[in-house]
Amino acid sequence: MTPPGEITRRQLLRRLGMTAFVAGPGAGLLSACATAGAGGEPSAAPSITASADTRNPFGVDPKKPLEVVIFSGGYGDAYAKDLHEELYKKEFPGVSVKHNATQQIGTQLRPRFAGGDVPDVLNNSGPDSMDLAALAAENHLADLTVLFDAPSIDDPAKKIRDTVTPAVIDNAKINGKDLVLNYTVSHRALWYNAKLFAAKGWSLPRTWAEFTALGDTAKQEGILLFAYPGQKGPYYQLWNVLYTAAKIGGNQVIIDIDNLVDNAWNAEPMKQAVTAWVDIQAKYGDKAYFGLDHTQTQVKQLQNKLLFYPVGSWVENEMAKDKPDDFEYAIAPIPDVTAADKMPYGAIQVGVGENFVVAAKGKNPQGGLEYLRIMLSKEGARGFTEKTENLTVVNGAAAGLDLPAGLMSAAKAQDAAGQNIITDARFEGWYKELFDYGTQQINVVMAGRITPDKFCANMQKKADEIKKDDAVAKQTRSQ
Amino acid sequence: MERLRKYGFVAGFLVVPLALYSVFVISPYVQAFQLSLTSWNGYSSIVRYVGLDNFGRLFDDEVFWQALRNHGIMLLVLPIATIVIALFLSFLLNLGGGTRGAGMSGVWGSKFYRVVFFFPQVLAVAVVGVLFQAVYRPDADGVINGVLARFGAEPVGWLTEPGLALWSIIAVMIWQGVGFYVVLFSAGMAAIPKDYFEAAALDGAGRVRLFFSITLPLLRDTIQVGWIYLGIAAFDGFALVQVLAGDKGEPDGATTILPVTIYKTAFAYNKVGYASAMGVALFFLTVTFAVLTLRTTRRERVEL
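Line by line, the protein sequences are chains A and B. Going by our numbering, the letters in the first sequence line up with residues 910 to 1388, in that order. Going by our numbering, the letters in the second sequence line up with residues -15 to 288, in that order.
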């Protein structure tokens, strides 16, 4: 028992703790909280106007240092370090360029943006990439209109806008402003081993009936018709289903989904696409792949254990080290699902990707714009393709290059597709929560634990939640 | 005056650690409480206060409840299984050999086993995760499935079947945790005077009787500590789930847990305010669990 008035040890500790907290660092800390201190509207970014000087249209101060942050993923970072930054230094002799390569874009840069110490050029990619719409809302991203209207380095008579794939301009927009440069072009559809097909005398299936017939043939040889990586890459299959839906019902299916149109997920083409692929998985798939990651799955394809793999043209470079000589990557369009698909056979998805932005409130936004202009020169783009074996958005920059077989096949498929290009689904970047939910649900439906109708209903429910959520900034697209 | 001097002396020693504790432990918690009342997205300089809206949303959030259910299962299974296995092993290591010579001893080779049991504890959680990715791999290249395949069995999707995934992960947590508790309980057993066992053994008590009548009651405090540690561990599991199950809560949210959900909500979906509300909920869950455990297991201490 404690005598009254006598302070117990526990009470002492408690009181000491409270005092230390209230009077000591606590008081100061509250004001130093991540959120406190700042206030008011986000400050506006200084705007940059272009001059008539074709050598230096943005008026770069040649002495100002430039900081470049590159996501060091599938493309590595040599293209920036050994090529684009060198070109920048050549243009402004003696300038210092700080190169920073990381896989943790968000972890490294979120505090820097909050604190106002931002890099000039940022390659925003990878699983830890930042929410560009949120950065745009804070006026952190420089307006790239001035870049798109600037003279091209190769031909000063031409605007940069006219030297790139039109999709670059469409995809640059956040809230109607040109803020993001998509630098690479990738082709997505089904990838297969052209040498295996040649050896077996198989031809590409053009209809769903031919597709399943090939599945039966392959089965007898112990080869799976189709697989996707369920552990790290279920989104490959989500893309595949979305592109199939667009093939059946036209690009409007995806555009409606992006715009959060009521019942967009419950559209008939979407249901048909999911049903078609769930059937393929049930009849020709192997559930073990739900637990494999993309590399494990891609190695299985290199071993000819599966025929078709839904992915993009980066796969060839990704697997270059492991690829045996009897394997040659080639792209196959998604076969016709119905007799009345809106898009004819041959339609593939051609998308622009790999986001680059310039920090508006950085130390050297003019330098950042100039850096992007260098990237968009023929020399900068061609060098990127040489170093990464991936195409850029710069028209004709890869002409004459000795491209790997898979990339050649993709380029040919794009020519054959002509105007029948399947659009990319942009809700991936706009509403990450919906996309993540989709990558989770696609595994569930493909495993047969829910019906395709239930999948569509679940996705619609989530899309409706996002639509109602005021905390999520909404985006729209018209094409 | 006398009293003041006495407590002033004690306080002098406590100021520095308490200050550090306040800065690095308490202040982030306070910030989390503050953020949980906002709709902050982690980027903006404007912070909008939304009152208790975030907590209201939690109640309707399926993912949150799914995570709580999973924590409930872990809370039931993880402490019991780990403690039972650890007790059994440490009894064998320390007393299982029966009376030999002058005192009680463990089974043959117990010193060696003790080191081996501790191995998993030394490995970083991420390493354990990668290790068990290979063990649980769902095709015939997996360690377990490779063995099963030899007997002609179909490969099992340890981490992809909704009914199995959480159990597979709990099994790893037990595997990793047991070693530590073996050492903890061994220390506890070493503190029990040997004469008790010898006297009981002379009276004809077998190993089972020795365990239930002497070891277990005298280890009570140590077990209680272990129980609370493991309970708190059941509210965590972040790194393991992140590495083994991916962060999508696959399959069907069967492995969804709060820490991963908080991380995703804050850093992938930029809802820092809402994530903080989940953090606050987790804080209260953990504290409630610890207090309840201490209350319900309180009992008079046995003086040795």
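I should point out that these hints are in silico values taken from the structure, not numbers from a laboratory. Remember, it's a predicted structure, so these values are computed and weren't measured experimentally. A few of these clues could be false.
As the list claims (entries may be wrong) - Okay, the calculated bits of chain B under chain A, using three or more residues with CB under 8 Å as the criterion:
id: 1; region: 25 to 38
id: 2; region: 111 to 123
id: 3; region: 141 to 151
id: 4; region: 219 to 228
Built from N, CA and C at the ideal position, the CB exists for glycine as well.
Original post:
Among all the numbered hints in the text so far, which are the ones the structure does not match?
Top reply: 4
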